[in-house]
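Protein chains: 2
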Amino acid sequence: MKNTKEIEHRFNEPDREAVYRAIKLRRDMRHFKTDPVPPEILERLLLAFHQAPNVGLMQPWRIIRITENDIRNKISVIVEEERKKTAKALNERQKEFLQLKVEGILDCGELLIVALADDREKHIFGRRTLPDMDLASVACAIQNMWLAARAEGLGLGWVSLFDPDVLSELLEIPEGGEPVAILCLGHVEAFYSAPMLEEKNWVKGMPLEKIMFENKWQKT
Amino acid sequence: MKNTKEIEHRFNEPDREAVYRAIKLRRDMRHFKTDPVPPEILERLLLAFHQAPNVGLMQPWRIIRITENDIRNKISVIVEEERKKTAKALNERQKEFLQLKVEGILDCGELLIVALADDREKHIFGRRTLPDMDLASVACAIQNMWLAARAEGLGLGWVSLFDPDVLSELLEIPEGGEPVAILCLGHVEAFYSAPMLEEKNWVKGMPLEKIMFENKWQKT
Numbered sequence: 001m002k003n004t005k006e007i008e009h010r011f012n013e014p015d016r017e018a019v020y021r022a023i024k025l026r027r028d029m030r031h032f033k034t035d036p037v038p039p040e041i042l043e044r045l046l047l048a049f050h051q052a053p054n055v056g057l058m059q060p061w062r063i064i065r066i067t068e069n070d071i072r073n074k075i076s077v078i079v080e081e082e083r084k085k086t087a088k089a090l091n092e093r094q095k096e097f098l099q100l101k102v103e104g105i106l107d108c109g110e111l112l113i114v115a116l117a118d119d120r121e122k123h124i125f126g127r128r129t130l131p132d133m134d135l136a137s138v139a140c141a142i143q144n145m146w147l148a149a150r151a152e153g154l155g156l157g158w159v160s161l162f163d164p165d166v167l168s169e170l171l172e173i174p175e176g177g178e179p180v181a182i183l184c185l186g187h188v189e190a191f192y193s194a195p196m197l198e199e200k201n202w203v204k205g206m207p208l209e210k211i212m213f214e215n216k217w218q219k220t
Numbered sequence: 001m002k003n004t005k006e007i008e009h010r011f012n013e014p015d016r017e018a019v020y021r022a023i024k025l026r027r028d029m030r031h032f033k034t035d036p037v038p039p040e041i042l043e044r045l046l047l048a049f050h051q052a053p054n055v056g057l058m059q060p061w062r063i064i065r066i067t068e069n070d071i072r073n074k075i076s077v078i079v080e081e082e083r084k085k086t087a088k089a090l091n092e093r094q095k096e097f098l099q100l101k102v103e104g105i106l107d108c109g110e111l112l113i114v115a116l117a118d119d120r121e122k123h124i125f126g127r128r129t130l131p132d133m134d135l136a137s138v139a140c141a142i143q144n145m146w147l148a149a150r151a152e153g154l155g156l157g158w159v160s161l162f163d164p165d166v167l168s169e170l171l172e173i174p175e176g177g178e179p180v181a182i183l184c185l186g187h188v189e190a191f192y193s194a195p196m197l198e199e200k201n202w203v204k205g206m207p208l209e210k211i212m213f214e215n216k217w218q219k220t
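Same order as they appear, the protein sequences are chains A and B.
Residues in the first sequence are numbered consecutively from 1, following my numbering.
Residues in the second sequence are numbered consecutively from 1, following my numbering.
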């Protein structure tokens with residue numbers, strides 16, 4: 001039998017549904033309107049980001065908010081260079097790839113660069129055998145922001161098409177730090193009804209059953 | 001002026017608050033009750049996981065659900081071994097570390113191992129310069145599950161204290177695959193009111209201001 005405390009832990013049905021709805025309707029957005037993001041909403045999204053779980057409580061994340069148009073333009077050029085290189089590396093899908101919109105850097109209301117902090121070696125808790133858990137923490141933080149943005153009616157896109165060394169140089173990210181995300185955040189005309197790469201027939205997702213095993217890995 | 005469509009994108013206030021509440025109250029749990037997780041709730045949490053953003057829609061994640069007690073016990077031993085090694089590596093904080101509860105593997109209602117799939121090299125989109133974006137996708141999926149679990153009143157803990165090679169051998173994870181999380185999921189007596197590592201004075205978190213820069217990295 002459940003005790004009172006436990007029932008209290010659970011959100012009521014409309015609140016549970018709201019959480020599931022944010023998860024379901026969140027999209028990796030590439031199409032934005034240029035309207036600015038209200039500062040109080042940005043503040044809430046940054047707090048949501050900062051409340052993420054993080055290995056050994058090391059808070060490995062740093063955010064660089066881009067407010068200068070000149071820097072925004074330079075970031076756009078860096079991504080465009082990598083887009084071309086990715087296209088080449090994709091060989092027979094090159095042409096198809098080049099028709100996809102992969103970022104909204106010049107349109108979105110807010111442009112945020114997320115980087116791993118320098119000076120992470122001293123953090124051993126939970127990272128002795130899996131040092132990349134710092135990146136995992138950063139991803140959890142971005143997912144928090146993504147879901148909160150969806151609830152606010154704002155779109156967010158995580159762009160990873162860039163050379164981290166070139167971006168580090170532009171933003172003066174020190175040795176040991178590493179940019180891992182260019183986040184486009186802003187108003188959108190409409191959210192994609194399915195992931196854009198599915199809508200554009202780039203790829204079709206697998207159903208849940210395909211990724212579930214029991215007790216050991218099964219050959220698929 | 002905002003158009004109707006845009007207003008429709010935004011969740012109403014109680015629903016927005018529910019999303020922010022899940023983000024705020026989610027904890028990395030180590031203390032569990034042994035009661036089983038109802039199957040219909042587990043199913044919803046797995047779907048939430050599977051709805052996460054993922055680079056190039058590659059769905060790099062696999063989940064191994066542990067239902068055999070013998071395997072659960074062996075996983076517990078693997079984590080205990082790494083706990084001791086981590087303690088040693090922590091030098092002067094060794095004793096303090098050993099007093100922390102770092103996992104609830106033998107108590108939690110559900111034990112799930114999350115792994116990166118093998119055969120990931122062919123996925124280039126968004127990973128040419130940042131191959132670890134697959135891990136980032138997996139972390140987003142775990143964060144989805146974490147928040148949904150909190151809304152359901154269930155605790156989840158991400159344990160990364162293990163040797164991935166030893167765990168791979170136990171679970172027959174093939175070459176190229178990699179376990180990245182032991183997830184303890186289950187009922188809890190109470191959620192920590194602050195991160196457990198703060199409550200236990202292991203570390204104190206930084207405020208948001210400390211991680212925010214503008215236009216370029218600033219020395220802190």
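One thing to keep in mind: the hints can contain errors.
Heads up, the list lumps identical chains together, so a pair's fine if it works in one copy or across two of them.
To be verified - Think about it this way: if two alpha-carbon atoms lie no more than 25 Å apart in a straight line, the pair counts; the simulated PhoX-like pairs of lysine-lysine are: (1) 74 to 200; (2) 219 to 101; (3) 24 to 85; (4) 74 to 219; (5) 84 to 122; (6) 95 to 122; (7) 88 to 33; (8) 101 to 33; (9) 210 to 101; (10) 200 to 219; (11) 33 to 200; (12) 24 to 216; (13) 88 to 210; (14) 101 to 122; (15) 216 to 74; (16) 219 to 84; (17) 204 to 122; (18) 210 to 85; (19) 122 to 24; (20) 122 to 219; (21) 24 to 101.
No lab work stands behind these hints: they were computed from the structure.
Against the structure, the hints come out as follows:
no. : hint       : result
1   : 74 to 200  : neither (28 Å within a copy, 45 Å between copies)
2   : 219 to 101 : neither (35 Å within a copy, 35 Å between copies)
3   : 24 to 85   : neither (32 Å within a copy, 40 Å between copies)
4   : 74 to 219  : between (46 Å within a copy, 22 Å between copies)
5   : 84 to 122  : between (38 Å within a copy, 18 Å between copies)
6   : 95 to 122  : between (45 Å within a copy, 17 Å between copies)
7   : 88 to 33   : neither (30 Å within a copy, 53 Å between copies)
8   : 101 to 33  : within (14 Å within a copy, 48 Å between copies)
9   : 210 to 101 : neither (29 Å within a copy, 34 Å between copies)
10  : 200 to 219 : neither (30 Å within a copy, 43 Å between copies)
11  : 33 to 200  : within (21 Å within a copy, 46 Å between copies)
12  : 24 to 216  : neither (29 Å within a copy, 34 Å between copies)
13  : 88 to 210  : neither (31 Å within a copy, 40 Å between copies)
14  : 101 to 122 : between (40 Å within a copy, 21 Å between copies)
15  : 216 to 74  : between (48 Å within a copy, 13 Å between copies)
16  : 219 to 84  : neither (36 Å within a copy, 33 Å between copies)
17  : 204 to 122 : between (42 Å within a copy, 15 Å between copies)
18  : 210 to 85  : neither (32 Å within a copy, 35 Å between copies)
19  : 122 to 24  : neither (38 Å within a copy, 27 Å between copies)
20  : 122 to 219 : between (39 Å within a copy, 18 Å between copies)
21  : 24 to 101  : within (22 Å within a copy, 34 Å between copies)
Checked against the numbered hints above, the structure breaks hints 1, 2, 3, 7, 9, 10, 12, 13, 16, 18 and 19 and satisfies the rest.
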